[in-house]
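In case you want the letters, here they are:
Protein chains: 2
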Amino acid sequence: MNQKTEVLSLSRPVYIVGGAAIVGPKEKKGPLGDDFDKALEHLGPAKDSWENSEIEMTVEAVTTALNKAKISAEDLDLFCGGDLLNQICAANFTARKLKTPFLGLYNACATMAEGLLVCAAMIGSGLFQRGAVSASSHNATSERQYRFPTELGVQRPMTAQWTVTGAGAMVLDVESKENCPYISGGVIGRVVDLGVKDPNAMGAAMAPAAFDTIQRYFTYNGAYQPDDFDLILTGDLGSHGHSILLELCKREGIATGPQFQDSGMWIYSNKQDVHAGGSGAGCSASVWSTHLLHEVRKGKYKRILLVGTGALLSPITIQQGNSIPSIAHAVVVETGEVKPC
Amino acid sequence: MNQKTEVLSLSRPVYIVGGAAIVGPKEKKGPLGDDFDKALEHLGPAKDSWENSEIEMTVEAVTTALNKAKISAEDLDLFCGGDLLNQICAANFTARKLKTPFLGLYNACATMAEGLLVCAAMIGSGLFQRGAVSASSHNATSERQYRFPTELGVQRPMTAQWTVTGAGAMVLDVESKENCPYISGGVIGRVVDLGVKDPNAMGAAMAPAAFDTIQRYFTYNGAYQPDDFDLILTGDLGSHGHSILLELCKREGIATGPQFQDSGMWIYSNKQDVHAGGSGAGCSASVWSTHLLHEVRKGKYKRILLVGTGALLSPITIQQGNSIPSIAHAVVVETGEVKPC
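These protein sequence lines map, in sequence, to chains A and B. Residue numbering for the first sequence follows my numbering, beginning at 29 and increasing consecutively. Residue numbering for the second sequence follows my numbering, beginning at 29 and increasing consecutively.
If you are wondering where the hints come from, they were derived from the structure by calculation, not from laboratory data. There could be a bad hint or two in this list.
You can't tell identical chains apart in this list, so a pair holds if it fits in one copy or across any two.
Listed below are the simulated DSS-like cross-link pairs for lysine-lysine, each with C-alpha atoms no more than 27 Å apart in a straight line [unchecked claim]:
1. K98 x K32
2. K66 x K56
3. K278 x K127
4. K328 x K66
Can you make the complete structure from the sequences, with help from the hints?
And the structure:
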């Protein structure tokens, strides 16, 4: 029996050669607003339905990322996509438009990280040359699907997060372009469930999953410690979940520092009345595909651990009294010279 | 720019070392009934809800397949799973039970084929050693989610298919056990949508996707013609979709023969009042994980092209007037001596 493989290590680097995000008006007004490629003028359906708006955002995010990478959809070997809509219909209809081979993914708000891992594994192992990854969410389609009719205006507790309206996409290639960062490996997350049943406290549900993945990475990667990273960026724990993650790390002897950040705490300002921060599959997807790549190109970050976090609830599992299974996938993004394997 | 990769070709074979399926009472009474590992006594919730029944079936299918392969869940590098429930909750809760690294997948009824491709690619490329794949559906959870309240007893047209109550699972390993068949490659499907809008004619929606994938495989695989396969087995086209696939092949010059079969036409007898046959992610998953593997071990089939078919609709996309995007993934299963790459 061979040794179990806890950490994914790619035999060749997979370059992130393009990224783009289309967001909603609230995200545009946030601190990262200028980094996004385009914003909807208003949240209400620009098309005939909110769902069609989300589909259109996702198509536009992928095609913008492809344009930036100067790659046509016909040259893609594969498209890995998912979203929060039932039956991931934003990804399905995007794949219909792209006409590329398609793997539909669902790990809730960890879907972007999942897609990066699956696509990078397929390319880094030599099976394919290039692919695109996307994930999206839309405040109006999510709120009515997961919680209450949007028009009801239900009051939210302070632990609640605001579902991001945004679609993010990245293009991955075996060949580098203009000093692009690359994915060198990661960790496929396990489901962790400590019994949180409140869908308005998803940060608390997801923090133990983020911790589990971070702990597995630093236990088994054999090369790096937390200090070796400029940034350890979770997807959408929000301020509530982020503080729980720091507490778990402290208890278990993982040294934390200012490099521990959360995308859900970056996307909105405290003045935007979002309570604990942003969430949704589009949160990490939008932030990582634009703002983060810009900062990497400016030289601010050289080695990053992305930790996408997902709460694997459904309205029916909550109504039936189940707790919230959660997951976190880690993706290692590096810059500069590629080290020999 | 490198050549685009249409056909996935694994550099080493990935062995199917175990398979199991748990089904409902109707599937047990069908022609393949004796092949399934266990059947529910009645469709109504054995547990406190239909959804929990589906979760329990999926857990049991995976653990039974693992037992047959003499592999413990702790030794799995990864679990690839999905189902038809919103937010794939049967797979999520199965992953919670297994505690293994988890990739959640959704390509509707093509999810088993998608899982086999993703898991085989991860193992065949040397990234991991062993994994499990599952897919499931449940007639009662699906009907009320996709169509009408079950108690309403709505009449169905003759093109409609019967959603299979079943969970199927396979265990894949880089090491062979007792003359197991192996996965050597496949094709990741593209989304095809010829405009079918009737959710009671999913075979018609999916047949062009099955044709597209079969045509791509035989155009680009460079080794095999349709006659080289003992079996070209679609997932759940049903009798209506199967006849459309044969017609499309005839028109486009792909030689068909008795080796073209459909899992949805195998699982029920004509006397079971299922109209066009079986469907649902559990249809191909249950048939392939048990009956098919048994026949392969008996020597009936030596080279098989599995073509999982999925209709990527959601109730909301149908209500909003969209047509049904469809997809088909192909998986090549072979027996006997492994040819050098």
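Here is how each hint holds up against the structure:
1. In this homomeric assembly, K98 and K32 come within 27 Å of each other (Cα to Cα) only across copies, at 16 Å, whereas the closest approach inside a single copy is 39 Å.
2. Taking identical chains as interchangeable, the C-alpha atoms of K66 and K56 lie at most 27 Å apart only when both belong to the same chain, with a minimum of 8 Å there against 54 Å between chains.
3. Proximity of K278 and K127 under a CA criterion of 27 Å is satisfied inter-copy only: 24 Å between copies versus 47 Å inside one chain copy.
4. With identical chains, the CA atoms of K328 and K66 are at most 27 Å apart within one copy only, with a shortest distance of 24 Å there and 57 Å across copies.
When each numbered hint is compared with the structure, no violation occurs for any of them.
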